[in-house]
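Enquirer: I would like the entire structure built from these sequences, with the hints used as guidance.
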Amino acid sequence: MTAPAPTPARRPDASMTLLTEMLERPLDPGYAAASARRAAAGGPRSTPVGSTLVAVTAILLGLLFAVSATTVRRGEASAGTVRKDLISQIESRRAVVDERSAAIRDRQTEITRLESNALGATENGLRQELQALAAATGNVAVEGPGLLVTLNDKPTDDATPTAGDDQGKVLSRDLFIVVNSLWQSGAEAIAINGQRLTVRSPIRFAGEAILVNFRPLSPPYVISAIGDPAALPAAFAETVGGAYLKSLTDNFGIVTSVDGADHISLPGATRVTVDKAVVQGGTK
Amino acid sequence: MIPALGLLAGILIGVVLQPDVPIWLQPYLPIAVIAALDAVFGGVRAVLDGIFDDKVFVISFLSNVIVAALIVYLGDQLGVGAQLSTGVVVVLGVRIFSNVASIRRHLFHA
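The listed protein sequences derive, respectively, from chains A and B. Under full-length UniProt numbering, the residues of the first sequence are numbered 1 to 284, in order. Under full-length UniProt numbering, the residues of the second sequence are numbered 1 to 110, in order.
What the hints contain is simulated information worked out from the structure, not anything from laboratory work. Heads up, the beta-carbon is just placed ideally off N, CA and C, and yes, glycines get one too. Check before you lean on any hint, since a few could be wrong.
[As the list claims (entries may be wrong)] If you want the footprint, here are the derived chain B segments under chain A, 3+ residues with CB under 8 angstroms:
{"id": "1", "region": "3–11"}
{"id": "2", "region": "17–27"}
{"id": "3", "region": "45–59"}
Expert: Structure (C-alpha cells):
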C-alpha cells in the first residue's frame, strides 16, 4: 500500500472549465499560435495569396449578410400576402355560401307555395299536415312566442385578447347544454344566430369558432326558441341549463341573459333533405 | 482596408442581385450569420492585438460557418434543432461580446 500521489490543488472553478475557457479566451488561439510561429520563422506578416483570400472571404461575408437580410425580409412579406390571400378567399367563399343559402330559402318558399297551390283548397287536411311536418322538421320559416337565451364572451379590457386566455369564452358545450335543456323544457323550434336546428344540425367546435350547421358563428350567441310562453321560461329555469347558465356567469364571467319574447321568427333550415335514407318498407 | 472594401462589395452584390436562396438552405442562414460575425470580430480583435493572420482568419470563418450549419442539420435530424441552435447562438454570442469588449478597450482605452 502506497500513499496516493498528492494531487495538484484543484481550481475552485474546475467544474466550469468550459465556461471559463469561453469567457477568458474568446479569441481563436490559432491567431496567437500563428503569430508565434511567424515570429520564430521570421516570415513576412502577409502574403499576396493571403490578402486575396481575406478579400474573397470578406466578399463572401458581405454576400452572406446581404442575402440573409433580404431573405428574412422577403419571408415576412410573403407571409403577409399569403395571410391576406387566405382571408380574402374565406370571405369570398362565405359570401358564396350566404348567396346560395338565400337562393335555397327562396326555392323553399316557392316549393311551399306551389305545394299548397297543387293541393288546392279541397285537400285542406293534407295541407295542414304538410305544414305541421315542415314546421317540425325545420324545413320552413316559423314564428311564434318564446324565449331568447343570449350568451356572450367575458368582456376583456384589451382589444387584442391573448392566446390561451379562453376562460371567459363560450364553448360549444355550453351551447348544447342550453339547447338540450330548451328541447327538454318543451321548445318546438330553435335557432342559434339564425341557424335553424334540425335533426341534422351539428354544434361543433373548430379551433376558436363554434360551428352550427357547419357555419362559423361569432359571439354573442343568441339561442331563439319557440314554445309555450307561459310554461317554457319556468321549465327552462328548472333544467340543468338554467343552473348551468348561472354557474357560467358566476365562475367564468360569461354574460348570459334569458328573456321572454312575444314574437320570434326563425328561418327555415337549408339542409334537411335526405338522399340515401328511405322509409322502411316504403319506396323512395 | 481591402477586407472592408470586400465586405462592402459583397453586400452590394447581394443587395443588387437578390439571389434566391433555396428553401432547404434557409434555416442555416441565421446561424451562419452569427458564426460569420464571430469570425469577423475575432479577426478585428486579432488585427488590434497585432497578431492577425490571413490563413487563420479564412479558416476560422469557413470552419465556423460549416460547423454551425452542421450542428443545425444534426439538430434538425435529431429533432432538437431549436435547442442546438440556441446553444450555438449562446456560445458564439458570448464570444462576440468578449471580442467586442476587447476591441472597445483597444480603440477607446475604456
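Enquirer: Starting from the hint list further up, note which numbers the structure goes against and sort them upward.
Expert: none
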